[in-house]
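*Asks:* Residue numbers (the working numbering), protein chains in the order written: chain A, 1 to 274; chain B, 1 to 369.
Hints may be right or wrong, so weigh each one.
Computed list of lysine to any residue pairs in SDA-like fashion (alpha-carbon distance at most 20 Å, straight line) [unchecked claim]:
no. : chain 1 : residue 1 : chain 2 : residue 2
1   : B       : LYS133    : A       : THR185
2   : A       : LYS234    : A       : ILE34
3   : A       : LYS234    : A       : ILE11
4   : B       : LYS104    : A       : GLY49
5   : B       : LYS184    : B       : ASP3
6   : B       : LYS156    : A       : THR185
7   : B       : LYS104    : A       : GLU168
8   : B       : LYS133    : A       : SER57
9   : B       : LYS104    : A       : GLY174
10  : B       : LYS244    : B       : PRO221
Derived from the structure by calculation, the hints contain no laboratory data.
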Amino acid sequence: MSVLLRRLRVIPVLPVYVAVYFLFLYLPILLLPIFSFNNAATTTFPLAGFTTKWYASLAGNSVMLNAAWNSLIVGISVSLLSTVLGICAARAITRYRFRGQRTAAGLIMAPLFLPEIIVAVSLLMIVLAMGVELSLVTVILGQTVFCVPYAMSVLVSGFEGFDRSLEEASYDLGETAIGTFRRVTLPVVAPAIVSSLLVTFTISLDEFILAFFLSGTEPTLPVYIWGQLRFAAKLPGVLALGTIMLVASILMLTLAEILRRRAERRTQLAHALP
Amino acid sequence: MTDRAMIQIENVSKFYGIYKALDDVSLSIAEGEFFSLLGPSGCGKTTLLRSIAGFENPTAGEIYIDGVPSLALPPNRRPTNMVFQSYAIFPHLDVAENVAYGLKRLRLSPEEERKRVGDALDMVRLSGLGQRKAHELSGGQRQRVALARALVMRPKVLLLDEPLSALDKKLREEMQVELRTLQKAVGITFILVTHDQYEALALSDRIAVMFGGRIAQIASPKEIYQRPRTRKVADFLGGMNFLKARVLGEQGNAVSIDAARFGAVNLEKPQGFAASNGHVTVGIRPERLRLLWDEDRAPHELAGRIENRAYFGEVTHLTVGVDGLEHPLSMVETNNFGADDLPIGAEIRLAYDPDAFVLLAEDPPVTRV
Chain A
1 MSVLLRRLRV
11 IPVLPVYVAV
21 YFLFLYLPIL
31 LLPIFSFNNA
41 ATTTFPLAGF
51 TTKWYASLAG
61 NSVMLNAAWN
71 SLIVGISVSL
81 LSTVLGICAA
91 RAITRYRFRG
101 QRTAAGLIMA
111 PLFLPEIIVA
121 VSLLMIVLAM
131 GVELSLVTVI
141 LGQTVFCVPY
151 AMSVLVSGFE
161 GFDRSLEEAS
171 YDLGETAIGT
181 FRRVTLPVVA
191 PAIVSSLLVT
201 FTISLDEFIL
211 AFFLSGTEPT
221 LPVYIWGQLR
231 FAAKLPGVLA
241 LGTIMLVASI
251 LMLTLAEILR
261 RRAERRTQLA
271 HALP
Chain B
1 MTDRAMIQIE
11 NVSKFYGIYK
21 ALDDVSLSIA
31 EGEFFSLLGP
41 SGCGKTTLLR
51 SIAGFENPTA
61 GEIYIDGVPS
71 LALPPNRRPT
81 NMVFQSYAIF
91 PHLDVAENVA
101 YGLKRLRLSP
111 EEERKRVGDA
121 LDMVRLSGLG
131 QRKAHELSGG
141 QRQRVALARA
151 LVMRPKVLLL
161 DEPLSALDKK
171 LREEMQVELR
181 TLQKAVGITF
191 ILVTHDQYEA
201 LALSDRIAVM
211 FGGRIAQIAS
221 PKEIYQRPRT
231 RKVADFLGGM
241 NFLKARVLGE
251 QGNAVSIDAA
261 RFGAVNLEKP
271 QGFAASNGHV
281 TVGIRPERLR
291 LLWDEDRAPH
301 ELAGRIENRA
311 YFGEVTHLTV
321 GVDGLEHPLS
331 MVETNNFGAD
341 DLPIGAEIRL
351 AYDPDAFVLL
361 AEDPPVTRV
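All chains should be modelled from the sequences, with the hints used to inform the complete structure.
*Replies:* Have a look at this one:
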């Protein structure tokens, strides 16, 4: 027994576990860009040589471009809408104390934990019952419900430390209410707002279930990709598209996190004591 | 400091529902005066300061700033500037931009603005730190930025809301000296809110002690410490030995009392004095009692025994039991004669000066809910 234990101690168990864990997590994603540059229509090793033709083919694919355009419209609308709603909610949560505050905050965050497909089905039922035609508008409304919690949590961490005396100091120094909002409130919380826009845009960009249920004849990119998977020949093109989306998402989320941290530092600094 | 009133507060009350944060407060602060509002938390001192600044709207009364009735004016139209407890340094601006914040609205020429910012930074000894970001500043530096940002506006009154409470002891003491020097240099009326009696004593020309939304006493630091009007004021400003005494007789402004073992003492009547059933409360500060060593003699002596001893570095606090006194006496001795080595139980003699006793009026009943 003791011999076994000693042997186990020689093998670096935890580092090995961590390595395996990360391989499992990220290897499949790494395969995506690798095969997107592979000069073959099948995703098998050994690789057949380097090419960028799959990327070139995307440029001429009008159906794909149309889906990308749809995604862009939906993404921008959803990020604006959910961030505006998130600002209202975050400001209420961080600034005021009122009855049912915790319940309200909980209910706003709840969609994060609800099964998305259930929400999608119920939204679809309501939309159809109301006789509203499925379109990008219905996708935007559906995704906004899902993005507000993300927007709110990013914004709350940015607003949390916003010291009310900053606004008072501004009035005290002769500034008007509008001037105070422009010169103090907005600049201090701006990084959090931009961060919220980026996060919600990214979430909207790769959201599939709601888009699939509610988009009607106007597919977004994820819906388009799902449709293409039935055709083996289209796979490399999908891989190329996926790679672009992956890189864009990583860039936006990194930027969002940097901004969120900056916002947090700013607001906390304002009332941090030495 | 002139005799002209810079701030006149007339019958100001502030109710939150039935809670009285300020209860009929009236006072007058002179131009160039360093005035402190002192009291425990919740006594209304901050509410009063914020009413002068314009952040609170009193329910009744009027506040005149330099003769102008000001309650109808918003904070940005009052000739007052404030140093906030949290300093409220704008985190997205550097030091110079913070200081220039209020000047931007005055539309000065760039040279004039730069000069005023530079002068303000010189004044608080932050020259050369204009480009620093707020997060690169220490607590003391942030405090100076807040001061410079307010003073650069050349206000008629500078309001300071517990400005030193966030600093550690040593820095706080340094800043107290600086604040006093600065006030003398600029000659502006300063109104300081603090719960630290030493700070108020060290800085102010006059102090208003507040309890329960009311002013208990307004006086110079020396008078308020040596001649507190009520037991609560006496207690808040420092240690005090309280004794019940019997009134022997009254004559004009003087009262003769029998202060138990201290014998007969003649005292000046405070404002609002009234004996209840021929009894009054008198007080004597611990440092006004003095240990007598060996052959020392004093005109007024009392024998007692050490019941407790606490060592504070430069001083020792002694608790001395005296037969015939209801409570033991507290006294403070400097440590250069060996008070810190006195054993508990030691028999000692102490000297007192009958003139050091103060007659204390009853505190007004607390009416808040």
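*Asks:* Determine for every hint whether it applies to the structure shown.
*Replies:* Hint by hint, here is what the structure shows:
1. B/LYS133 / A/THR185: Holds. B/LYS133 to A/THR185 sits at ~18 Å (cutoff 20 Å).
2. A/LYS234 / A/ILE34: holds, 16 Å
3. A/LYS234 / A/ILE11: Violated - the C-alpha atoms of A/ILE11 and A/LYS234 are around 45 Å apart, more than 20 Å.
4. B/LYS104 / A/GLY49: Violated, at roughly 63 Å.
5. B/LYS184 / B/ASP3: holds, 16 Å
6. B/LYS156 / A/THR185: violated, 27 Å
7. B/LYS104 / A/GLU168: This hinted pair holds, its Cα atoms lying about 17 Å apart.
8. B/LYS133 / A/SER57: violated, 50 Å
9. B/LYS104 / A/GLY174: holds, 9 Å
10. B/LYS244 / B/PRO221: Given that 20 Å is the threshold and the Cα spacing comes to 26 Å, the pair is violated.
Of the numbered hints stated above, those contradicted by the structure are hints 3, 4, 6, 8, 10, listed in ascending order.
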